[in-house]
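Undergrad: Fit chain B to the supplied structure of chain A, relying on the hints for placement.
Listed below, chain by chain, are the residues.
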Amino acid sequence: MGILYESDIGPVIPAALRVPRRPAPLRRGWVLVLAVAGSIALTAVAWLLLTGFAAHPFPQAISGRMHRWGGEAPALPAGMTRERQIAQLTAERRRLEAALARKIPRGHYIVIDQTHNRLHLMRQNERLMEAVCSAGSGMVLLEGSGRKRTWVFDTPRGVHTVLRRVEKPVWKKPDWAFVEEGLPLPRRDDERIEYGVLGEYAFHFGNGYMIHGTLYERLLGRSVTHGCIRLGRENLRRLWKDCPVGTPIYVY
Amino acid sequence: MSTEIDPAARHGARRVSAALCAPAAAALCALLALCAFLAPAANAANAANEEELSGQAARLARENELLKRRLELADSKDFYLILHPETRTLSVMLAGVTLSEYAVRRMQLALPRRVPLESDAAAEWADRVWMKGVLDPERVRDRVEIVATGDSTTMPEIPIPPLPEEALQAPARFRIRYGEGVSIEIRNVSGAGALAKKPPFWQALWAPIRRALTERAAARHESVRLVLQLEDEDAAALYRSLPPDTHFMVLYE
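So the protein sequences, as listed, match chains A and B. Read in order, the letters of the first sequence are residues 1 to 252 in my numbering. Read in order, the letters of the second sequence are residues 1 to 253 in my numbering.
Next up, chain A with everything else stripped away, as it sits in the complex (with noise of 0.2 Å):
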């Protein structure tokens, strides 16, 4: 057995004077993990100031962009200076304009919201009347029994035309109209006429659709009609007044 001398054991330090030491391996393990945590931490903030999307104003931001990148002069064809192409390409934009501006129709026009049951009547783009309307209430009807037939009850979107102008309408009831009311369908067709259920007018535009008035008018503005488009009583008068067959009818 050696001796023991007091250098080797360090100074000789009272008990009650000892400071007592947090247990290393403890503090290294916060130190790791506080190092971990600010590591991810600093990786997600750069991830996600380095990634996603940059918002650039618009159209400011590329416009000189724009005009550089666009700016290619179409190619000289042989033989013609560059004013004769200068007035060959006004001269196709003109017709180009033209031909554009005669798609909008001539006289008075239609346009259908169908999703908010809105009808405008448009002429060159100018609104003259903005009404109330109801239209097809996307409701589907399937026959339980016979020819198991389904019905949907949607208005048709696109471009119609009014076909058949009605004054005093008469509805004949189609099979879906028994159908949903659960009665059996007449074997004669005099059994199908119904009288003043459409209003004082109806515009015909295909397929059985049309444009009518209606006796429930506390229901305009919501999508209830099997895809016809009901119209308040006044407005009804105006479409009849300014819309001849032909009309466009836009419904969208």
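It should be emphasised that the hints constitute simulated quantities derived from the structure, not laboratory data.
Under 7 Å between C-beta atoms, here's a sample of chain B residues computed to sit facing chain A:
#1 64
#2 71
#3 143
#4 144
SDA-like cross-link-like pairs, simulated, lysine to any residue; straight-line CA separation at most 25 Å:
#5 A:172 to A:216
#6 A:103 to B:87
#7 A:148 to B:143
#8 A:148 to A:181
#9 A:148 to B:145
Note that the Cβ used here is the ideal one computed from N, Cα and C, for glycine as well.
TA: Chain B alone, transformed into the frame defined by chain A:
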């Protein structure tokens, strides 16, 4: 009869002609120098004129190209959107007729950070017609289904539908996505929408992180996003009524 010329007079005449020739030669030289000096300037003017004409031809060619595309769209049976950056309007159109028009409050072009603004990709998209836009989030229309029993006493009563504004709540922001990573993001002004109800605390904390993650995931497949801010009512109306597969074109003249 002969005419005799006095030699002194002849000499005088020579002197006069020499005196006259010297300034003329000098003037000629000056003129030549001026021509030599002006020739490059004239060439430069010609070049400038040619450049101006080329620019005019290019502008006309581009305008004609835009008109042709509009005409093609107008000839088709499809619905399309046209953005007019100068008048700040977004129009829903069909067959050359404006169906509805919305004022755009603010326009921004959002590009992935890896794409610099100077890149052609930043501008190139604006010169194309983008086809068949898909609404995101998808607009789901609740359809009432009725099965006819064939017996009027047992037929279910058809409910009166709510107003469209009640039936279909629009989100505060939505996208119309086109192919090749182009999309339009429509935001309303207030930032409030059907999806902006006050969420629980933890959800509120998690929501922005989740959105950031989703955005970044989407950014991998997106190349250009055009952000348009509309009035609340307009944004909601557009969301509710936008026809399916609507094309899109920027009218940048």
